[in-house]
Amino acid sequence: MLKVRDLVVAYGGIEALKGISLDVPDGKIVTLIGANGAGKSTLLRSIIGLVKAKSGSVEYNGDKLTGLNSQQIVSKGLTLVPEGRRVFPNLTVLENLRIGAYMRKDEDGITADIKRIYEIFPRLEERNWQMAGTLSGGEQQMLALGRALMSRPKLMMMDEPSLGLAPLVIKEIFNIIRSINENGTTVLLVEQNANMALKVAHHAYVLETGRIMMEGSGKELLENEEIKEAYLGKKKK
Amino acid sequence: MEIFQAITNMTAVGLAQHMVNGISLGSLYALIAIGYTMVYGILLMINFAHADIVMMACYFALFGITTFHIPWYLTFVLTIALTALLGVTIERAAYRPLRDAPKNSVLISAIGASFLLENLATYVFTGRPLHFPDIPFLSSMISVGGVQIQAICLFIPIVTVVCLTVLLHIVNHTKTGMAMRAVSKDYEIARVMGVNIDNIISITFAIGSSLAAIGAIMWGIRYPGITPYLGVMPGLKCFIAAVIGGIGNIKGAVIGGFILGLGEILIVAFFPQFSGYRDAFAFLMLIWILFYKPTGLLGEKTTEKV
Chain A
1 MLKVRDLVVA YGGIEALKGI SLDVPDGKIV TLIGANGAGK STLLRSIIGL
51 VKAKSGSVEY NGDKLTGLNS QQIVSKGLTL VPEGRRVFPN LTVLENLRIG
101 AYMRKDEDGI TADIKRIYEI FPRLEERNWQ MAGTLSGGEQ QMLALGRALM
151 SRPKLMMMDE PSLGLAPLVI KEIFNIIRSI NENGTTVLLV EQNANMALKV
201 AHHAYVLETG RIMMEGSGKE LLENEEIKEA YLGKKKK
Chain B
1 MEIFQAITNM TAVGLAQHMV NGISLGSLYA LIAIGYTMVY GILLMINFAH
51 ADIVMMACYF ALFGITTFHI PWYLTFVLTI ALTALLGVTI ERAAYRPLRD
101 APKNSVLISA IGASFLLENL ATYVFTGRPL HFPDIPFLSS MISVGGVQIQ
151 AICLFIPIVT VVCLTVLLHI VNHTKTGMAM RAVSKDYEIA RVMGVNIDNI
201 ISITFAIGSS LAAIGAIMWG IRYPGITPYL GVMPGLKCFI AAVIGGIGNI
251 KGAVIGGFIL GLGEILIVAF FPQFSGYRDA FAFLMLIWIL FYKPTGLLGE
301 KTTEKV
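Chains A and B, in that order, are what the protein sequence lines are. Reminder that position 27 of the first sequence reads as 27 in my numbering, one-by-one numbering, no gaps. Reminder that position 44 of the second sequence reads as 44 in my numbering, one-by-one numbering, no gaps.
You may find that some hints are simply not true.
Derived DSS-like pairs: lysine-lysine, alpha-carbon spacing no greater than 25 Å straight-line [said to hold, decoys possible]: (1) Lys54/A / Lys28/A; (2) Lys154/A / Lys175/B; (3) Lys175/B / Lys105/A; (4) Lys76/A / Lys103/B; (5) Lys64/A / Lys103/B; (6) Lys175/B / Lys52/A; (7) Lys115/A / Lys175/B.
Just so you know, these hints were derived from the structure itself, not from any lab.
Chain A on its own, in the form it takes in the complex (with noise of 0.2 Å):
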């Protein structure tokens, strides 16, 4: 389980998260919905230690993360797959696989969970030796997954998979999602697409200018009337 308590993180003085505190329970996706700026993107950075907290605390199965660096905390099975997907445009489809086992020893493991990845996204199969900025939108946000995959993560945290992808294929990613999940990895999810991340939630909180104003089941919030008016488009009546 992981646990945040009060983190607060500033960047030169402003706070971009006042205090939050959340769990995610193993085996759970836990949803995070929240407009631009709430503090999404730093809730995850600063778990995986890309960003200080100025105070407060994350722990994970009792081991307290804050104060390590991004390699210690990757190594107690956490990982990101970030924002804008960033995988490495100069690196061969199958490289930014191995780079995702960069941690790993087990070359037979490593080469048996390729051909898993493989078979969950035949597409990058076909382009395995190709360079993945050439890859289009969706199938960068498949090799992203894939390249988070490969470090057998125990928790996996998104940020914002869908963005800028057709309809269709934001359909095939949180398919993909629920069934990384039933496979046993817990997923921490921050979306702005609420009405894709609260249906796949098994409980969601949501950010307001870095604090957390509401929590509940993914379907509670679905249902609730102050959600659907912001953040799932749908008028009171």
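Once you have looked at the hints, place chain B on chain A.
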């Protein structure tokens, strides 16, 4: 028309002579330019101290042989190791503490490191030129088909090609090389993959400095007057070579090195009246490339998908 006259006036032997000189100078530029381009590729900074690393390597080799009487081949190995260590140390001391600082601060620190090495060398080794020791066979003149050349000139291009092949293998076909390429594009995400950025940067400096040392040793044999400022002009030209080839691109740096080395020698050969301007050639090339292809010959346009 003048150029054709100049060429026809030149004998085949004379042309061969100049080509040998040009190719060996180009190879040396290439070896040094690789160091600039690799560091730029990863840290996006110009390592001004690289030129002085070349100079220090010359002194390491010189003193190893003359003062410590270590056999020359052993000295060369030690020189490469010491120079790699020097490069890594400079990165640790002068660049790493500024990792999160603005780019300009690192650049100024690099200029500082460069001045420090130059002045330290002047203070310790004095500014008087020292003579690089003669190496058996390599320093001697030999005659190949009527062309009088220094034996080292035969080895310089071979050594360069071998170094380049090994380097490209490391960069393109090893796990470390893959991490280097990843770090050069997106160090933050490389970090999330579990890559230790500091290690990769140290390895980059070690490789760049080792190649500089190999270049420096051959430079010393070829041009045996060693002074604390010997790295300055070649350093500038090698940086230009890296820019011409497309900064960050290893093959580009090599091509740039050869263009500058050959161009410089051939201009002097065909137009002896311009020999005073030989150093200007590199800068003219720089201006030309910045005008017509600012990304360099093999430089890539950055495409981003959103």
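Now the hints, each set against the structure:
For the suggested pair Lys54/A and Lys28/A, the alpha carbons sit about 28 Å apart, so the restraint of at most 25 Å is broken. Annotation: proposed proximity of Lys154/A to Lys175/B holds, straight-line Cα distance about 24 Å (limit 25 Å). With a C-alpha separation of about 11 Å, the suggested pairing of Lys175/B with Lys105/A holds against the 25 Å cut-off. Simply put, Lys76/A and Lys103/B have alpha-carbon atoms about 33 Å apart, too far for the 25 Å limit, and the pair is violated.
For a cut-off of 25 Å, the pair hint linking Lys64/A to Lys103/B is broken: about 33 Å separates their Cα positions. Using a Cα cut-off of 25 Å, the hinted pair Lys175/B and Lys52/A is violated, with the two alpha carbons roughly 29 Å apart. Restraint check: the Cα-Cα separation between Lys115/A and Lys175/B comes to about 19 Å, which is no more than 25 Å; the hinted pair holds.
Hint violations for this structure: numbers 1, 4, 5 and 6, all remaining hints satisfied.
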